[in-house]
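Fit chains B, C, D and E to the known structure of chain A by using the hints.
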Amino acid sequence: MDSLLKKHSGVAGLPPGTVVYLGDQRVEQTQISVIDYSDGEIREQLLASAGECQAYVGKSTVTWINVVGLHDTDLLQEIGDMFDLHPLVLEDIANTGQRPKMEDHGDYIFMALKMLYRPENDDGVVAEQVSLVLGPNYVLTFQEVEDDVFDRVRERIRTSAGRIRNMGCDYLAYSLIDSVVDNYFTVLEALGDRIEALHDAVTAKAKPETLTEIHGLKREMVYLRKCLWPLRELVGNLESDESKLIDAKLAPYLRDVYGHTIQIIDNLESLRDMLSGTLDIYMTIVSNRMNEVMRVLTVIATIFMPLTFIAGIYGMNFEVMPELKWPLGYAMVWGIMLATATGMAIFFKRKKWL
Amino acid sequence: MDSLLKKHSGVAGLPPGTVVYLGDQRVEQTQISVIDYSDGEIREQLLASAGECQAYVGKSTVTWINVVGLHDTDLLQEIGDMFDLHPLVLEDIANTGQRPKMEDHGDYIFMALKMLYRPENDDGVVAEQVSLVLGPNYVLTFQEVEDDVFDRVRERIRTSAGRIRNMGCDYLAYSLIDSVVDNYFTVLEALGDRIEALHDAVTAKAKPETLTEIHGLKREMVYLRKCLWPLRELVGNLESDESKLIDAKLAPYLRDVYGHTIQIIDNLESLRDMLSGTLDIYMTIVSNRMNEVMRVLTVIATIFMPLTFIAGIYGMNFEVMPELKWPLGYAMVWGIMLATATGMAIFFKRKKWL
Amino acid sequence: MDSLLKKHSGVAGLPPGTVVYLGDQRVEQTQISVIDYSDGEIREQLLASAGECQAYVGKSTVTWINVVGLHDTDLLQEIGDMFDLHPLVLEDIANTGQRPKMEDHGDYIFMALKMLYRPENDDGVVAEQVSLVLGPNYVLTFQEVEDDVFDRVRERIRTSAGRIRNMGCDYLAYSLIDSVVDNYFTVLEALGDRIEALHDAVTAKAKPETLTEIHGLKREMVYLRKCLWPLRELVGNLESDESKLIDAKLAPYLRDVYGHTIQIIDNLESLRDMLSGTLDIYMTIVSNRMNEVMRVLTVIATIFMPLTFIAGIYGMNFEVMPELKWPLGYAMVWGIMLATATGMAIFFKRKKWL
Amino acid sequence: MDSLLKKHSGVAGLPPGTVVYLGDQRVEQTQISVIDYSDGEIREQLLASAGECQAYVGKSTVTWINVVGLHDTDLLQEIGDMFDLHPLVLEDIANTGQRPKMEDHGDYIFMALKMLYRPENDDGVVAEQVSLVLGPNYVLTFQEVEDDVFDRVRERIRTSAGRIRNMGCDYLAYSLIDSVVDNYFTVLEALGDRIEALHDAVTAKAKPETLTEIHGLKREMVYLRKCLWPLRELVGNLESDESKLIDAKLAPYLRDVYGHTIQIIDNLESLRDMLSGTLDIYMTIVSNRMNEVMRVLTVIATIFMPLTFIAGIYGMNFEVMPELKWPLGYAMVWGIMLATATGMAIFFKRKKWL
Amino acid sequence: MDSLLKKHSGVAGLPPGTVVYLGDQRVEQTQISVIDYSDGEIREQLLASAGECQAYVGKSTVTWINVVGLHDTDLLQEIGDMFDLHPLVLEDIANTGQRPKMEDHGDYIFMALKMLYRPENDDGVVAEQVSLVLGPNYVLTFQEVEDDVFDRVRERIRTSAGRIRNMGCDYLAYSLIDSVVDNYFTVLEALGDRIEALHDAVTAKAKPETLTEIHGLKREMVYLRKCLWPLRELVGNLESDESKLIDAKLAPYLRDVYGHTIQIIDNLESLRDMLSGTLDIYMTIVSNRMNEVMRVLTVIATIFMPLTFIAGIYGMNFEVMPELKWPLGYAMVWGIMLATATGMAIFFKRKKWL
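Sequence lines, in order, name chains A, B, C, D and E.
If you count by this note's numbering, then the first sequence holds residues 436 to 789, one letter each, in order.
If you count by this note's numbering, then the second sequence holds residues 436 to 789, one letter each, in order.
If you count by this note's numbering, then the third sequence holds residues 436 to 789, one letter each, in order.
If you count by this note's numbering, then the fourth sequence holds residues 436 to 789, one letter each, in order.
If you count by this note's numbering, then the fifth sequence holds residues 436 to 789, one letter each, in order.
Only chain A is shown next, with the shape it has when bound in the complex (with noise of 0.2 Å):
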C-alpha cells in the first residue's frame, strides 16, 4: 500500500511530462531486449543502446521490444521519441505508482499494469508496475524488473505454438496482458492457501497473534483490490475500444480476458469473506473462552462462599454456642456443608453451567 501511496510527492511541483523514476533501482543495468516475427522467421536480439531500436521502426513483422530497468530516463527518453510517444505516457512509464490504466493516443495505445509476484523471501506480495504500448507494428514493454511471466509468451513465439505467429501486434499485446492476468490466479491461490490455514489454525486454537495475521491479510487483499478494479476497468475498455490498432477477430479473447478478471475479482471478494469468516470465529472463540472463564470463577466462588461462610461461624469465639458441644456437631456441619455443594452442583448442572 505505502508504494502507491509514496510515489507521488516526488514529482510534485515539477512540469507535467517531466520522466522521473520514483522507484528504487533495482536492476544493475537497463537491458533492451527485441523479438520480431512474422508467420515465417523470427529473430531476436539484445540491444546495446536505445538507438538500435532505430531499425524496427515502421518495420512491417510484429516488433516486441521489452526493456527492464527504469531508473535510466535518457534511454526511456530517447525511446519514447523514436515512436514518438507523449510526454506524459513517458512520465507515467517512469512513475511506477501508477494505478492500472489504458489510454488510448489514437496511433498507440498506452496500458499500466500491476504485475504481482512473491519474492523469494515469502512476505506478502510484491507489485511490479509493467508498461505496455501497442502500436501498428510494435508492442513496447517496460519493466522494473526481469520476470518469468512474459517467459511463457516468449516460449510460444519462438515454438509457434497456439497461433501467435499467425496474428498481429494486437494479440501479442493480448497474450501478454493474458499471462499478467493468468498470474493473479496462482497469487490468489497463494493467499487462499494461507487464509485456510489461518482458518484451520484459529479453530484450533485461537492465539492473539492470528489477529495481527489477519489484519495484515485484509490489508494486502485491500491493495490487490485497489490493483484489481482497475485492471478489470482496463481490460473492459480495451474490449470495448474501436480503436484500429485492434482487430475484429481479437474480440472473443479480450471478452475472455474480461471474464477472467471477473472471475479474480470474485476469487478476492471470496477470500474476503472467508478472512472476515475467520475474524468473527476468532471473535466467537475468544468470547467463548472469556465466558467460560467467568463460569468457572462462578462456579467456584458460589459454592465455596458459602462454605467458607459456614466454617466462619463455628470459628467465632462465643462462649455460649451450644453446638460447638453437641458430640456430633463437627459432623453435622460437614452434612450441611456438603449438601450446600451438592446443592449448588445441582443448580449448575440445571443452567448447564457445567
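Please note that a few of the clues may not be correct.
Because identical chains share one entry, a pair is satisfied inside a single copy or across any pair of copies.
Within a straight-line C-alpha distance of at most 20 Å, the following computed SDA-like cross-link-like pairs (lysine to any residue) qualify [said to hold, decoys possible]:
| # | residue 1 | residue 2 |
| --- | --- | --- |
| 1 | Lys-787 | Ala-639 |
| 2 | Lys-536 | Val-755 |
| 3 | Lys-494 | Asp-474 |
| 4 | Lys-786 | Glu-644 |
| 5 | Lys-494 | Cys-604 |
| 6 | Lys-642 | Ser-678 |
| 7 | Lys-494 | Ser-484 |
| 8 | Lys-684 | Asn-672 |
| 9 | Lys-653 | Glu-758 |
| 10 | Lys-784 | Glu-727 |
| 11 | Lys-536 | Pro-522 |
| 12 | Lys-784 | Ala-639 |
| 13 | Lys-642 | Trp-788 |
| 14 | Lys-494 | Asp-635 |
| 15 | Lys-642 | Met-767 |
| 16 | Lys-787 | Ala-636 |
| 17 | Lys-784 | Arg-724 |
| 18 | Lys-787 | Glu-644 |
| 19 | Lys-494 | Gln-480 |
| 20 | Lys-787 | Thr-638 |
| 21 | Lys-536 | Leu-689 |
| 22 | Lys-787 | Thr-645 |
| 23 | Lys-494 | Ser-473 |
| 24 | Lys-679 | Val-755 |
| 25 | Lys-684 | Phe-783 |
| 26 | Lys-786 | Thr-638 |
| 27 | Lys-679 | Asp-542 |
| 28 | Lys-640 | Ile-781 |
Keep in mind the hints are simulated off the structure, nothing from the lab.
Relative to chain A, chains B, C, D and E alone:
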C-alpha cells in the same frame, strides 16, 4: 468455493484456446446421447463415437446432443470442429471453473451454467458446470456427470407434453435452462429447511457448535450468490439478445425464467437475512447467559462476603471482646446476619436481579 | 417469508404454462362476480359458471370480472382461453408465490400484486396475491380470498363517486391498484404502532422477550420490503408504459400512486431505522445493567475483602500476639476497619461508581 | 417522523382527488394575502374571500397569492378551480404528509416543500408543508402556519432589493425556494451546535441519558434526510425542466440553489458522522470504565485472597502447629504477608494495571 | 468541518448575488499581482488598485491576475464588472464555504477549489478556497491567503520550464489545478505518516488517548473526502467539457490530472482502511487485556477460595474434632492444600489459561 478458486491456475500460461479439463474425472467413459425430433417424429440414439454426430450437422429437425464427461478433450475438440465452435468456447466447456455467462457468437450462442445438486452423503451443495450451445438447428449440452434434472425435459419430449415438440431449438434451450433454474428452488428449499432447523435449535439452546454451522451455511450461501447473480445476468442478456437464433415467440418464456432468477435471488437474500438473524439471536442468548452468570456471582458474593466478615469478627482472639461473653451474643450475631442477608435480597429484588 | 420460499418447488419440472394452484384452498367455492358499467348504467351479477363470462367479451362498456378462489384450475383455464391469455400468465395467476410484477402483452397488461392484511387472530401480516389483467374493455382480478379492500372501489362505482363512472378500464385498474397501495399505509401504521409500543416498553424495562419480538418484527419488515420494492417498480413501469390501453389522461393519477409507493417505502425505511434504534437502546440498557452489576460486585468485594482479612489476622492463634492483650485492641481493630471502609467509600465516590 | 407516517391513512379508500386536510388546524382563520408587482409599481392586499383572487387571474404583472391555513378545503377548491389546478394537486396541497416533489403540469408547475422551523419551546425540529404553484403570471403558495421565512422575500419586493422587481414569476418562485433552502442551513447549524455540545459533554462525562439524547438526534436527522434528498431531486428536476414557464436567465440561479441543496446534504452527512463518532466515543468510555472496574476488583481480590488464606492457616486449631509457638511467628507471618502483597503490586505494576 | 458548516448562514436571506466575505480577514491588505506572458516576453506587476486591471482586458497575451485577500468586496465587484462575471460567481468567490465545483458560463469557466495546507503549529489540515476564472486570454485566481503552491507555477513561467510559455490560458489553468492536486499528495502523505505512527503506537501499547486521536483523524479524513470527491467531479467535468476555451491539445493533460484525483481518492480510502484497521487492533488489544485481567482474577480466586475454606474448617471451635488432635493433622492439611492448588494449576494449564 474452493472449486471456483482452484480451477484456473492449471491453465495459466497455456496458449488461449487450449482445451484442458480441470475437474476430477467423475465418469468412467464419455457418453454421447442424441435426441432428434420434430413435430411428428422422434429418434433417440446413443453414439459410440464423436464422429457419428456428423450425421446431425445441418439436419433441419431439432437435434439435442448431450455429452456427459469432459475429460476426453480430443472428443470435445472433434465435436467443436464439427459444429465450428471457437477454440475459446471449447476451452470454457472443458474448464469447469467458469462463472455463469452467455456469449453470442453469431452462428451460435454459448452458455455456461452451474447446476446445483446435493450428493447422497448430504454435506452441502455441489455445483456442476453445464455448458450449452444453441445453434440454428441443434443444441449441444456438456455435463461433468449424468444428472436427472434434464430427464424431465427428455420425458416431455418423448411424451410430447406441453409445447416442446412444436417449437424449435430455442425452446429446447429455454426448457433446459428453465429446468436448471427450477432446480435452484429445490436446493434453496433444502437450505431453508436447514436454516429453519438451526434457528429453532438456537432458540432452544445455544451451543458453540451451532456457530460453526452458521458460518458453514454462510459460506455456502456466498457460493450460491456467486452462482446466482451471473445466472440472472445471463438470462437477462438472453432475453435482450437480438439473435436470429431466438424466435420472438420465446420472449414471454425468457421473461418468465428471468423472473424466476430474480425470485431465487430474493429467496436467497431472505435466507441470508434469516441466517444473520439466527446469528444475532445466538449472540444475544450467549450474552444473556453471561449476564446471568455475572448476576448469580454478584448476588452470592455480595450476600456472603458481609456475612463471612461478621463471622470473622467474632473469630478474633482479643482478650477483651465483651460481646463474646454475652449469653445472647451468638443469637444476636445470627440476627445481624439474617438481617444483612434479607436486606441484600430485598435490594436485589428491587434491582430485578433475582 | 416462507410463502415466498416454499411455493415454487411444487411446479419444478412441469412444462411451462402448466396451471397449478400452490396455496392452501382458502375458500369453499370459486366465486365469479361481474360489475359492468358505463357512464349511464351499471349491472352487477354473480356468475354460476365461467362460461357466462363469454357474454362480456368484446362488450364496449367497462367490465370488471372478479374471481375469488384459485384452486379450480380448469375454471381459470376456461377464462384464460376466453380472453386469450398467455399460458404463462395463467400459470402466474395460479402460482401465488409471484413477486409483484407487470407484463405488457400487447392486447392486455398483466399485473401480480401482493395485498396485505392482518387476520383476526392478529399475529403478523398476511399477504394474498391479487392478479389483475387490464384489457381494452375489461378488467379481470383474481384473488385467493374475498377481501374488503376492493369493496371501496365497488362502492364508488355504485354511487358514481368521483370520476370512476366517466372513465375507462384503465381508470378502474388504477383505482384497484390505488386501493391496494392505500392499504399498505394502514398496514404500516399498525406496524408503526407496534414498534412504538415496543420502543416504549424497552425504554421502561428491557426483557429478553422483547428481543425475540424485535427479531420477529425485523423479519416481517424484510418481507414487506420484498413486496414493496417490486411494487414500486411495477407502478413505475406502468407509468412509463406506452400501451394504447392506458389513456394519457391517466398519467397524473399513475404519477400520484407512484409517489405513494415511494412514500410507503420511505415510511418502511423510517420504521426500520426506528426498530434498529430500539434494538440499540435495548443493547445499551442490557450492557448498562451489566456494568451496574459489576460495579456492585466490585464495590462490595473491595470493601469486605480487606475487612475480612483484618479479622482473619486477629483470628490467628499465635501465642505471641501483643495486640490481642491490649485492652483497647478490639476497639482499635474496629477503628481500623471503619477507616478502611470509609476510605474505600470515598475512593468509589470519587470514581463515580456509587 | 410520525407526521410522515400517520398522515396518509385518513384518505385511504377515498376517491383520488378528494381534498382532505390531514393536519391539526393550526390557525384560527385562513388568510389570503396578495402581492402584485411589476418593475414600476407594487400593491399589497389582504383578501376577505377566495373570490377576490379572480381579479388577479390573467393579470400580466407578477401576482403572488399566499394562503395560510389549509383546513378550509372549500376555499382551496375554489382557488383551485379559479387557476384550473388538477384535483390531485389540490389533494396534495391539503394532504400535508407529502414527500417533497415537483410536478410539471404544462400550464403550471406544482411543488411541495418542507419548511423546517424550531418552535419556541425548543424541542426538536418541526416541519411544515409549503406548496407552491408557479403559473405564467402568478405564484400561489400554501402554508399551514404563518412563517417569517417568506418575510425576507416580501421585504425585498417592497424595497426593490436585488433583481426581484425586474424579473418574472419564475424568479419569485426561485426566491421563495431559495429562502426555504437557506433556512435549512440555519436549522442544521442549530443541530450542529447541539451535537457539538453533546460531544463535549460525552468526552467530559458519559451519562446514560446522553445515549437517549443521541438516539433522539439520530431520529431527527433521519427525518431531515427524508426531507432533504427529495428536495435535492426537486431542485434538480426544476433545473433540468424545459418548461416555458422558466426563463433561460434563471438557469444560473437554479444551479446555485441546487448547489446549496447538495451542500446542505453534505453538512447533514458531516453531522451524522460526528454524531456517530460521539456514540463511538461514548461506547468506548463506558467500556473503558468497565475495564477499570474489573481491574480494581481483580487487583483487590488477588492481593487480599492470598493474605486472608495465610491468616486462615494460622487461625486453625490444630494441637500441633509449631509455628504458633515460635516467639517471632506472628512477625514472620506479617513478613510473609507484606512480601506477598508487594510481589503482587510489582506484578500489577509490570502489567500496567496500576 | 465546521468551516463547511458555519459559513453559509451569514448570507441566508440576502438577495442572491450579494457579495459577502464570510471568512476571517486573514491578510492586512488585498494584493493584486499580474503575470502577463507570451512565448517571447514576460511582465510581472503588482497592482495598486483594481482599476489597473483594465489594461489587461482583451490583451492577446496570457494574463494571470492573482488576488490575495477577499474581504474587500468592492474590489471584487470592480474586477467582476471588468471581466463581466455573473453576480453569483462573485458571491461564490467571496463565500469561501463553497463545495469544489466547476461552472461553464460560456465566455469563461469558473472553478472553486480547496487548497489544503498545514499551518506552522501543526494541528490538522486547513483548507483555503481558491477560485479560478478561465477566460479567453486571462486567468483570474482568488485566494484567502498568500500560498506557496502557486509559486512553482510562477517559477516555471519565469524560467520558461516545460511547455508553459508556448501554451495558452487553458494550460496555465491546468497547471494551477495540477499544482493544487499535487499538493494533496503531500497532505495525504503527512496524514499517512501520522496514521502509521499511531498504528505502531497502538500495537506497542493501547492507551485511551489514542482513541481520541483516531477519532480526530477520522473526522479529518471525512473532511478530506468531502473536498476530494467534488474535486474529482470537477476535473472530470473539465475533461468532458466542450468549451472552446479549452484546446484539444489539453486533453491528455486533463486526463492525467483526472487520473491523479482518482489516485488521491484511492490513497485516502487506503488510509481509511488503515485507520479503521488500527481501531480494530486497539479494540482487540483492550479486549484481550480485559480477558487477561479476568483470567488472573479467576485463577487466583479458584485457587485460594478452596484453600481458605479448608483453613476455615480447621479454624472451627467444635469440641469434638478428631483431626485437630492428630499429631500429623497440620501436615496433612498442608498436604491437602498443596494437592488442591496443584490440581487447580494443572486444570488451568490444560485450559491454557496460564
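These are the hints, each one checked on the structure:
1. In the homo-oligomer, the alpha carbons of Lys-787 and Ala-639 lie at most 20 Å apart only across protomers (13 Å), although the nearest pairing inside one protomer, at 24 Å, exceeds that limit.
2. Taking the closest pair of Cα atoms, Lys-536 and Val-755 never come within 20 Å of each other, the shortest separation being 95 Å inside a single copy and 89 Å across copies.
3. Taking the shortest alpha-carbon separations for Lys-494 and Asp-474, only the intra-copy value of 14 Å comes in at or below 20 Å, while the best inter-copy value is 38 Å.
4. In this homomeric assembly, Lys-786 and Glu-644 come within 20 Å of each other (Cα to Cα) only across copies, at 18 Å, whereas the closest approach inside a single copy is 34 Å.
5. Taking identical chains as interchangeable, the C-alpha atoms of Lys-494 and Cys-604 lie at most 20 Å apart only when both belong to the same chain, with a minimum of 12 Å there against 40 Å between chains.
6. For a Cα distance limit of 20 Å, the shortest separation of Lys-642 from Ser-678 qualifies neither inside one copy, at 55 Å, nor across copies, at 58 Å.
7. With identical chains, the CA atoms of Lys-494 and Ser-484 are at most 20 Å apart within one copy only, with a shortest distance of 19 Å there and 49 Å across copies.
8. Taking the shortest Cα distances, Lys-684 and Asn-672 sit within 20 Å of each other inside one copy (17 Å), while across copies they are farther apart (22 Å).
9. For the homomeric pair Lys-653 and Glu-758, neither the shortest alpha-carbon distance inside one copy (68 Å) nor that between copies (62 Å) is at most 20 Å.
10. In this homomeric assembly, Lys-784 and Glu-727 come within 20 Å of each other (Cα to Cα) both inside a single copy, at 14 Å, and across copies, at 15 Å.
11. In this assembly of identical chains, the alpha carbons of Lys-536 and Pro-522 lie at most 20 Å apart only when taken from the same copy (16 Å versus 29 Å across copies).
12. In this assembly of identical chains, Lys-784 and Ala-639 lie within 20 Å of each other by CA distance solely across copies; the values are 17 Å between and 27 Å within a copy.
13. In the homo-oligomer, the alpha carbons of Lys-642 and Trp-788 lie at most 20 Å apart only across protomers (12 Å), although the nearest pairing inside one protomer, at 25 Å, exceeds that limit.
14. In this assembly of identical chains, the alpha carbons of Lys-494 and Asp-635 never lie at most 20 Å apart, being 57 Å within a copy and 56 Å across copies at closest.
15. In this assembly of identical chains, the alpha carbons of Lys-642 and Met-767 never lie at most 20 Å apart, being 48 Å within a copy and 40 Å across copies at closest.
16. In this assembly of identical chains, the alpha carbons of Lys-787 and Ala-636 lie at most 20 Å apart only when taken from different copies (16 Å versus 28 Å within one copy).
17. In this assembly of identical chains, the alpha carbons of Lys-784 and Arg-724 lie at most 20 Å apart whether taken from the same copy (19 Å) or from different copies (14 Å).
18. With identical chains, the CA atoms of Lys-787 and Glu-644 are at most 20 Å apart between copies only, with a shortest distance of 15 Å across copies and 32 Å within one.
19. Taking the shortest Cα distances, Lys-494 and Gln-480 sit within 20 Å of each other inside one copy (15 Å), while across copies they are farther apart (54 Å).
20. In the homo-oligomer, the alpha carbons of Lys-787 and Thr-638 lie at most 20 Å apart only across protomers (15 Å), although the nearest pairing inside one protomer, at 23 Å, exceeds that limit.
21. Proximity of Lys-536 to Leu-689 under the C-alpha cut-off of 20 Å is found in both arrangements, the shortest distances being 16 Å within a copy and 15 Å between copies.
22. Taking CA atoms no more than 20 Å apart as the test, Lys-787 paired with Thr-645 passes between copies only; the shortest distance there is 16 Å, against 31 Å inside one copy.
23. Taking CA atoms no more than 20 Å apart as the test, Lys-494 paired with Ser-473 passes inside one copy only; the shortest distance there is 11 Å, against 41 Å between copies.
24. With identical chains, the CA atoms of Lys-679 and Val-755 are never at most 20 Å apart, being 113 Å at best within one copy and 107 Å at best between copies.
25. For the homomeric pair Lys-684 and Phe-783, neither the shortest alpha-carbon distance inside one copy (75 Å) nor that between copies (70 Å) is at most 20 Å.
26. When the C-alpha separation of Lys-786 and Thr-638 is checked against a cutoff of 20 Å, the pair qualifies only between copies, where the shortest distance is 15 Å, while the shortest distance within a copy is 27 Å.
27. When the C-alpha separation of Lys-679 and Asp-542 is checked against a cutoff of 20 Å, the pair qualifies only within one copy, where the shortest distance is 9 Å, while the shortest distance between copies is 25 Å.
28. Proximity of Lys-640 and Ile-781 under a CA criterion of 20 Å is satisfied inter-copy only: 19 Å between copies versus 31 Å inside one chain copy.
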